[in-house]
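Protein chains in written order, with this note's numbering: chain A, 1 to 383; chain B, 1001 to 1129.
Note that these hints are calculated values from the structure, not bench results. Where hints are given, some of them may not hold.
[Said to hold, decoys possible] Listed below are several chain B residues computed to face chain A (Cβ distance under 8 Å; list not exhaustive):
(1) L1033
(2) T1055
(3) F1066
[As the list claims (entries may be wrong)] Okay, derived cross-link-like pairs now, DSS-like style, lysine-lysine, Cα gap no bigger than 30 Å in a straight line:
(4) B:K1084 to A:K305
(5) A:K305 to B:K1109
(6) A:K263 to A:K305
(7) A:K299 to B:K1098
(8) B:K1109 to A:K299
[To be verified] Covered by chain B, according to a simulated footprint, are these stretches of chain A (three or more residues, beta-carbon under 8 Å):
(9) 100 to 110
(10) 198 to 211
(11) 350 to 358
All figures in this text were calculated on a predicted structure; none of them were measured in a lab. Every residue, glycine too, gets a C-beta built ideally from N, C-alpha and C.
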Amino acid sequence: MARVIISSVGYTRVGDHWDKSILDLAVEAARKALKPYPNIRPEVIIVGNMFSSQSSKQEHLGALLASALNLTGTPAFKVEAACASGGVAFNVAYSKVRSGEVSSALVVGVEKMRDLDVSEASLALSMAESAEYTQFMGASFLSLNGMLARLYMETYNVSRSELSAFPAIAHTNAATAEHAQFRKAISVEDVSRSPLVSDPLRLLDCAPLGDGAAALLLTSEEFNGDDESMVEVLSSKISTDIFSIYERDDMLRFNATKDAASKAFSEAGISVEDVDVLEVHDAFSVSAALSVEAMGFSKEGEGAKDAARGLYALKGRYPALTFGGLKGRGHPVGATGLYQIAELWLQLKGRGNVNQVEGCRIGVAQNIGGVDTTSVVSVLARR
Amino acid sequence: MAISYWRRRDRYYRLLGNRCTQCNSEYYPPAYLCRRCGSESLVDVEMPTTGQILTYTILREVMSGFEGQQPIVIGIVQLDNGVKVLGQIVDTPLDALKIGCRVRLVFRKIRDESNVGQIYYGYKFTALC
């Protein structure tokens, strides 16, 4: 088995790219990732994307990007797993390099969301759920998380200000992140007083809509003998759960994340205590809380409370959302899983500037699709 | 959309789920394979029409297709056979909504496409508290 190195990363700022198409964004990120290694021609191109058919009336993204990059002849295809599309695309690229099938892979996540109006984007996102039994009833993805938040607060006696802690951490870190959609700090009170959108969830509990693309160049070890601080992928695992939360026995358990994390940590030979920096899927405040609980960083019912106690702040025991997470950096869904990996790469390389987690060696990214219906957990290490 | 709706009319009109003939587990939406015993032998069965609210939300930003209906109250209801079903909760004052509230099934319009387009019907719940 080959060792898999993340040689370089490239990404756009997340936000309203009115002047750029989905292909413009993907090409921009890809060229940034390829630029440091002009002699490497990637042997496969994998694109993570959720709903280009909805946003841009465009599919066939793999060949579209390969052609634009003058890389025709290269196998290229799209991978889709709702909001986990980026993480799953990374997993596929990792597996191909790891197995020795290829010695280099370009993986690009991209989403164009702002060409849709809010109600169209909400419909597109709801395609992560059951079209027949969830979407048909008018239940958007937001509403599922609203119901989950109510159950979470009621079951574990979580206060409004405790639920607001993750979004506040995200924005504190996003304020100093170049590529973040919202470079602005907000307080716990700001979150708690923002308008209700799907109660108890408020506007600032929820990740925004935004356009963006992120790309990584993965290589087998022999390409990178000269680099003093290589970032290696130790493991990447995908798991799935029963499709809709109302079909599950316990709606407050993120079983897919628990399973993927346990397998990823085991293969990497690490335990929770070894993790220095953490990117979790904070699409909603409640999903961040349930995610850290499922991975074992917090006890059941303690995720939001631990965030309020400072456990996940940049200077906390487990620094999370270090460049703003989905809430602050932004959540262009098919690109999100790759922004997370690119941000861990910055941290492990020591290129985090004011957001740097000092001396970090092990990073974990968790990216989910649906309400933890698909989960991808990946472990990275500085060599 | 019209065809996919017609295909599921018994599910939407009568809350027709299914039951495993081996272990009697019941499902809505109907399961393809029994999740408890793995049996492939399941028969259609109507679900009970009463239950209680496990959780709910008041959705103020609605999806395309539901414009003009906001706010929509959406709940997950546990029916009296233990099966959980997602649906809208209607005809209930917002301040009366509570976890644990008893509900019963009602038949309602879900949405329509335009003045001359398809009208979609199905189940919703109304609170008894």
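Agreement of K1109 (chain B) and K299 (chain A) with the hint, judged by alpha carbon distance not exceeding 30 Å: violated, 43 Å
Hint check, F1066 (chain B) versus chain A [nearest Cβ-Cβ separation less than 8 Å]: This interface hint holds because 5 Å falls under the 8 Å limit.
Residues of the region 350 to 358 of chain A with Cβ under 8 Å from chain B, three needed, outcome: violated (count 0)
Chain B covers the region 100 to 110 of chain A, three or more CB atoms within 8 Å, holds or violated: violated (count 0)
Agreement of K305 (chain A) and K1109 (chain B) with the hint, judged by alpha carbon distance not exceeding 30 Å: The hint is violated at about 42 Å.
Agreement of hint T1055 (chain B) with chain A interface, Cβ distance less than 8 Å: holds, 4 Å
Satisfaction of hint between K305 (chain A) and K263 (chain A), Cα-Cα up to 30 Å: OK: K263 (chain A) and K305 (chain A) at ~26 Å, within 30 Å.
Given hint K1098 (chain B) paired with K299 (chain A) - CA-CA distance at most 30 Å: holds, 27 Å
Hinted pair K1084 (chain B) and K305 (chain A), Cα distance within 30 Å: Measuring from Cα to Cα gives roughly 29 Å; hence the hint holds.
L1033 (chain B) as chain A interface residue, shortest Cβ-Cβ below 8 Å: For L1033 (chain B), the interface hint is violated, since the closest Cβ of chain A sits about 12 Å away, which is over 8 Å.
Assertion that chain B covers the region 198 to 211 of chain A - criterion: three or more residues, beta-carbon distance below 8 Å: holds (count 4)
Going down the numbered hints, you'll see the structure goes against 1, 5, 8, 9, 11, while the others check out.
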